[in-house]
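S.K.: Take the given structure of chain A and dock chains B, C and D to it, following the hints.
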Amino acid sequence: MVTLFLVLSLLTVLSALCVVFTRNLIYSVLSLIVCFFAIAGHYVLLKASFLAVIQVIVYAGAIMVLFLFMLMLMNLNKKAEASKPFSLKVVAVGVCLLVLVALVSIVFLSAPRVCFAPLAPVSGSVSALGPLLFNEYAIPFELTSILFLSAVAGVVMIGSYGKKAKKQ
Amino acid sequence: MLFWIEKISLVVLVFCVTLVIAMYATLAERKFAAFFQDRIGPDRAGPFGLLQPLADGIKFFFKEEFIPANADRFLFVLGPCLSMIAACMTTAVIPWGHDIVIFGQTMALQIADLNVGVLYLAGVVSLGVYGIMIGGWASNNKYSVLSAIRASSQMISYELAMGLALIALVMHTGSLSLREIVQAQHGGHWNVFFQPLGFLLFLICSFAEANRVPFDLAECETELVGGYHTEYSSMKLGFYLFAEYINMFIASAVMSALYFGGYHFPGLYHIGLSDNSAALVGVGVFFLKIAAFMFFFIWIRWTLPRFRYDQLMRLGWKILLPLAIANMIFTGFLSLLLG
Amino acid sequence: MTYLETIPSEWYLILSAIVFCIGLCGVLIRRNAMSVLMCIEMMLNAVMLLLVAFSGYYRDFSAQIAVFFIMIVAAAEVAVGLVIFSMMFKKTSSIDLDDWGHLKG
Amino acid sequence: MMLFGMIATLAFPLIGFFLITLLGRVLPRPVGGWLACVSVAGAFISAGTVLLTCESSATIGLFNWFEVGNVSAHFSILVDSLSLWMSVMITGVGGLIHVYALGYMKDDVRLNSFFAYFNLFVFFMLVLVLSDSFLGMFIGWEGVGLCSYLLIGFWYETHAYAIAAKKAFVMNRIGDLGFLFAILMMLFFWGTTQFSVVFIQGLGLGAGVLTAMTMGLLIGAVGKSAQIPLFTWLPDAMAGPTPVSALIHAATMVTAGVYLIARSHVLFSGAPLTSLMVVGLGVATAVFGALVALVQRDIKKVLAYSTMSQLGYMVSAAGFGAYSAALFHMTTHAFFKALLFLAAGNVIHGLHGEQDIFKMGGLRKKLPFTFVVFLIGTLAIVGCPPFSGFFSKDAILAEAFAYSRTVFVVLCVVSVMSSFYMFRLLFLTFFGNARYGEKHPHEGALVMQIPLAILAVLATVGGCLDWPQESILTPVLGVTLVVLALSGGVAYFIFGKQVDVLAKQPVSMGYRMLWNKFYVDEVYQRIIVGPFLSLSRGLNQYFEIFLGKLDVVSLRSVRWVGYPFKKMQDGNSGTYILVMTVGILCLLVGLFL
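Protein sequence lines, in the order shown, are assigned to chains A, B, C and D.
Each residue of the first sequence is one higher than the one before, starting from 1 at the first, in my numbering.
Each residue of the second sequence is one higher than the one before, starting from 169 at the first, in my numbering.
Each residue of the third sequence is one higher than the one before, starting from 508 at the first, in my numbering.
Each residue of the fourth sequence is one higher than the one before, starting from 613 at the first, in my numbering.
Here chain A stands alone, though its shape is the one from the complex (with noise of 0.2 angstroms):
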């Protein structure tokens, strides 16, 4: 269990880091999946079988397809993409890891050990979530999917903005 969990936390860790330091951009969006991934088999540990499909379907079948589209569309390969100072790039790196650290020893100097109820592991399955976001989620679920709408008009309008200037 132990080694599972480390294996799929150095493939996240080493995963992300591609993501970040990877100058080609579809290298990006591989290294991406990847840890998208392993962000996934760490909710099939966790129990969250669930979470861990829609995270597949949701990231890996939809949004990063919608990425490497546009990458395509954009035919983005043959520019090397312009690089900030590096001056600059020293400073955010050191902030970032400043900032690792501040959360690191945050947690262990002040997060309150988690206690475990002592109740019967259960998994979050979907006849178990089912009922909740029905329930007592309802209205948040449906003012998601309206949001959602919107956003797909929203795309739609912005999309075809160049579209009806030409045609007038």
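Rather than coming from a laboratory, the hints here were simulated on the basis of the structure.
Just to be clear, a hint being listed does not mean it is correct.
[Claimed, not checked] In silico lysine-lysine, DSS-like type, Cα no more than 25 angstroms apart, as pairs:
1) B/Lys310 - C/Lys597
2) D/Lys971 - D/Lys1051
3) C/Lys597 - A/Lys84
4) D/Lys978 - D/Lys1051
5) D/Lys977 - D/Lys1051
6) D/Lys1178 - A/Lys89
7) D/Lys718 - D/Lys913
8) D/Lys913 - D/Lys971
9) D/Lys913 - D/Lys978
10) D/Lys913 - D/Lys779
11) D/Lys1051 - D/Lys913
12) D/Lys1179 - A/Lys84
13) A/Lys89 - D/Lys1179
14) A/Lys84 - C/Lys598
15) C/Lys598 - B/Lys310
16) A/Lys84 - D/Lys1178
17) D/Lys1051 - D/Lys718
18) D/Lys978 - D/Lys718
[To be verified] Pulled from the structure, derived: some chain D residues nowhere near chain C, Cβ distances all over 12 angstroms:
19) Leu626
20) Ala653
21) Gly673
22) Gly755
23) Phe781
24) Ala819
25) Pro884
26) Pro997
27) Thr1018
28) Phe1020
Glycine is no exception: its CB is placed at the ideal position from the N, C-alpha and C atoms.
M.R.: Chains B, C and D alone, transformed into the frame defined by chain A:
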């Protein structure tokens, strides 16, 4: 330990069966094509050309390994591999037959009975597009890129209708596990009778997802010189072609399992077989159903012309998607009324 | 020993912090708008991982519901973001965030 | 019943306003007007029902407006005989004038917005009289001021009318400042402006404080009721359409000051100095208005100055404690002054906009109906015995007699003067030779005549509303009749015959003085507006130079200080995020470590 041996042997078995079926599907395709076009078809290698797939395989392996100069070598190899992997992954959740008992051990003829099996299907199907996209992109060829873009938008569009058809099915059966869905269909209660529209939508969408005619816009020779695998040769091309047949096989298996009762057939419990032999007969029946669907795939390919790209998109968004939504709402309404 | 009892919750906190900081670093040092958006997605995922982990530790599914909502919103966000990028790309033939600095006074 | 009725009373005109405003562009033209009439009629019916059915007074809490520290403001409706009577009068007279306006304004392009303003005015007037706190009253107070401004300047295409509206607005603001001052004092002392609290605790204050507070209220009342010295806006306000003059500047809004004084009489009774000032201002205004009205040539201006004079009557009555008499006169005045204005409107309408009475004459034959109602109105205002004005005016005079002989005598003289100028108006308009040239006067439409008829009946019998018990009137009756006959006769002798009135204009200094309204406007112009303008110009020039120097300096210093900040705002989102991250880092360290 026994569990792992059991599972690993099952995985190996399923993998081999899948490969063999895919191999012979190519032969079948050519034979049927010949039949439809009033030709003889391959008949030199072995009796009735039965060794033809082996000969093809050998040819693929021994052809020159060619990679275009400006192509991204890693991605160029990754593309076909991803295609194969995504195609094979689906077999994990398909229940091939009843449990059989060997040496007092009950053995499930299914690699993994996930409680989110249907969602797993949708997830893996949505991964299938990566192989095509990456292969097309890595070839550094504008036809390949165009094909990749087409393939991705086609797959995303048809996944929606497919997912909604699946959701209607799930609403009807009340389970996401494929095994339970198949079990619920015993005694002739096949889902196709309860979800005719859903089945039709699923069928059309699986044609699109498997990139088969009339939805093979990604590899249409007339416009795109062969599409995403224009630059491919030798076994990498073989992988792509193989993946297509595996996809066809998987789609047939999924449709048989979800809508046509899987390994059930009418009268299974009345012919008085022992449990193990009944299970084996069930497996045979399941493969028969799969074979029938595969024949249907081939039949369609040599019968219908290809869609135009805009027609394809219009069909997906303006006909299939609304129909799928209507089907879903209707199913929900009906199960509210009856259940 | 179940899985959650063998793995202390701090491990997840630290893993999530590391991924989050890598994402943050990417947001800061990359100039490509798509990379930046991807890094933001990564940061979101770090937070979601934490939510799911603690949903396990506290045996409370509400966190998983929250993650579900985050995913929906993230999908909407990416769709809108990408279409904006594509329009900007059409206009400026560049995907570089520093070229889009029209806020500059 | 009471709650429902009161809310309906308030809601009807508001809903009418919103409907007409929102649908103004789609409604066919007359429908907006009818809608307005119906909404005011609805308010009248609901207020009347409450008046007839409810015996006791009550406070209906509506909602909590705001609470800041120990200051709280609840918005509630006060239902007692005074507020109910006022609302019935407002909606009744207002409704009649609405109907009249349907005919009078029917050719106007912006008919719908006119009626929207009218409904809004009725709503705010109801808020003013129904509110149970000074703060709520102030809302209505400002609201009617706004509507008055909008309606005076309704024909804003004419520059002078827009100026008149602006003048009314500015002068009212001066009065409102006084009112606001009083409200702030109340909030300071009690943290609330509810009548129930204020009137009980009011007398507990020192006389000085009370005097200051009532002075504030008085300034407010003076501004709204056009008393000396804040009166010059009222004659100019006649620029608005005649129904506006009738509704706002004769019957309702201008009486708000009287209502304010009557409502807060508890406070005034504790401040004798202010009460004295109220009487003084009232009497002075009555005299002033009457004097100026003697010589005016514009039919609406005569009525406007007469209104001023009558308001002076009411204010002085309120000042010497005759609150019920003041309110009684207010009611009857609403009837007959609305009647007179509307009849004048008929005349103006018939003569296609002519307002100069020297260019009228002999209309008795041409406009018989208008003549009759105008005659009734005139008899009512001059206090001819069977008509309403007699009772109300003499109620005031009786109280004045009890208060002070001087005041009584002065008010009697004003009364005589008022009968003279009213008869002068009547004779110049309807008798004598026709001087209106080629015009063909005609009566207005039926919708304009019906409200006039109803108002005429009310002006005739309105005296029954509060039949005086005191017997002091009996000797007065004879005197009054004699005086009336005398002044009427004189007026007829001078103006009633078929002579050339223009030739009879005296050119004495006194006449010029009156004609120019004692030069009050000019004096204001000289001593307030002129110096203010030149001061502004001087300051302007001075600051122009000074600031011209200063702004260079400030510009440079701001630019110098801002330079590093400008560098930070480089438009690069990466920098912003970096800075934000550093901030988050600091927060993390500061909060958790």
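S.K.: Please go over all the hints and tell whether each is borne out by the structure.
M.R.: How the hints compare with the structure:
Restraint check: the Cα-Cα separation between B/Lys310 and C/Lys597 comes to about 19 angstroms, which is no more than 25 angstroms; the hinted pair holds. Taking the CA atoms of D/Lys971 and D/Lys1051, the gap is about 11 angstroms. The hint holds against a cut of 25 angstroms. Only pairs whose Cα atoms come within 25 angstroms are accepted, and C/Lys597 paired with A/Lys84 is accepted, the gap being roughly 23 angstroms. For the proposed pair D/Lys978 and D/Lys1051, the alpha carbon gap of about 11 angstroms is at most 25 angstroms, so the pair holds.
About 14 angstroms separates the Cα atoms of D/Lys977 and D/Lys1051, which keeps this hinted pair within 25 angstroms; it holds. As the CA atoms of D/Lys1178 and A/Lys89 are separated by approximately 22 angstroms, the hinted pair is consistent with the 25 angstroms bound. Of the supplied pair hints, the one linking D/Lys718 and D/Lys913 holds, its CA atoms being roughly 24 angstroms apart against a limit of 25 angstroms. Only pairs whose Cα atoms come within 25 angstroms are accepted, and D/Lys913 paired with D/Lys971 is accepted, the gap being roughly 15 angstroms.
Taking the CA atoms of D/Lys913 and D/Lys978, the gap is about 23 angstroms. The hint holds against a cut of 25 angstroms. For a cut-off of 25 angstroms, the pair hint linking D/Lys913 to D/Lys779 stands: about 16 angstroms separates their Cα positions. Between D/Lys1051 and D/Lys913 the alpha-carbon distance is near 22 angstroms, which keeps this suggested pair within the 25 angstroms criterion. For the suggested pair D/Lys1179 and A/Lys84, the alpha carbons sit about 17 angstroms apart, so the restraint of at most 25 angstroms is met.
For a cut-off of 25 angstroms, the pair hint linking A/Lys89 to D/Lys1179 stands: about 18 angstroms separates their Cα positions. For a cut-off of 25 angstroms, the pair hint linking A/Lys84 to C/Lys598 stands: about 22 angstroms separates their Cα positions. A threshold of 25 angstroms between alpha carbons decides the hint, and for C/Lys598 with B/Lys310 the separation of about 23 angstroms falls inside it, so the pair holds. With a CA separation close to 20 angstroms, the supplied pair A/Lys84 and D/Lys1178 stays within the 25 angstroms bound.
Distance hint between D/Lys1051 and D/Lys718 is fulfilled; the C-alpha atoms sit about 21 angstroms from each other, no more than 25 angstroms. Distance hint between D/Lys978 and D/Lys718 is fulfilled; the C-alpha atoms sit about 22 angstroms from each other, no more than 25 angstroms. Its beta-carbon lying about 42 angstroms from the closest one in chain C, D/Leu626 satisfies the requirement of being farther than 12 angstroms from that chain. The non-interface label for D/Ala653 is consistent with chain C: the shortest C-beta to C-beta separation is roughly 54 angstroms, beyond 12 angstroms.
Every beta carbon of chain C lies more than 12 angstroms from that of D/Gly673, the smallest distance being close to 41 angstroms; the non-interface claim holds. For D/Gly755, the non-interface assignment is confirmed: its Cβ lies about 44 angstroms from the closest Cβ of chain C, beyond the 12 angstroms cut-off. Residue placement check: D/Phe781 keeps its beta carbon more than 12 angstroms from all beta carbons of chain C (closest about 41 angstroms). Non-interface call for D/Ala819 relative to chain C: holds, since the shortest CB-CB distance, roughly 62 angstroms, exceeds 12 angstroms.
Residue placement check: D/Pro884 keeps its beta carbon more than 12 angstroms from all beta carbons of chain C (closest about 66 angstroms). A cut-off of 12 angstroms between C-beta atoms confirms that D/Pro997 is not in contact with chain C; the least separation is 82 angstroms. No Cβ of chain C comes within 12 angstroms of the Cβ of D/Thr1018; the nearest lies about 74 angstroms off, and the non-interface call holds. Annotated as non-interface, D/Phe1020 keeps its C-beta farther than 12 angstroms from every C-beta of chain C; the closest such distance is 76 angstroms.
Violated hints: none; the structure is consistent with every hint.
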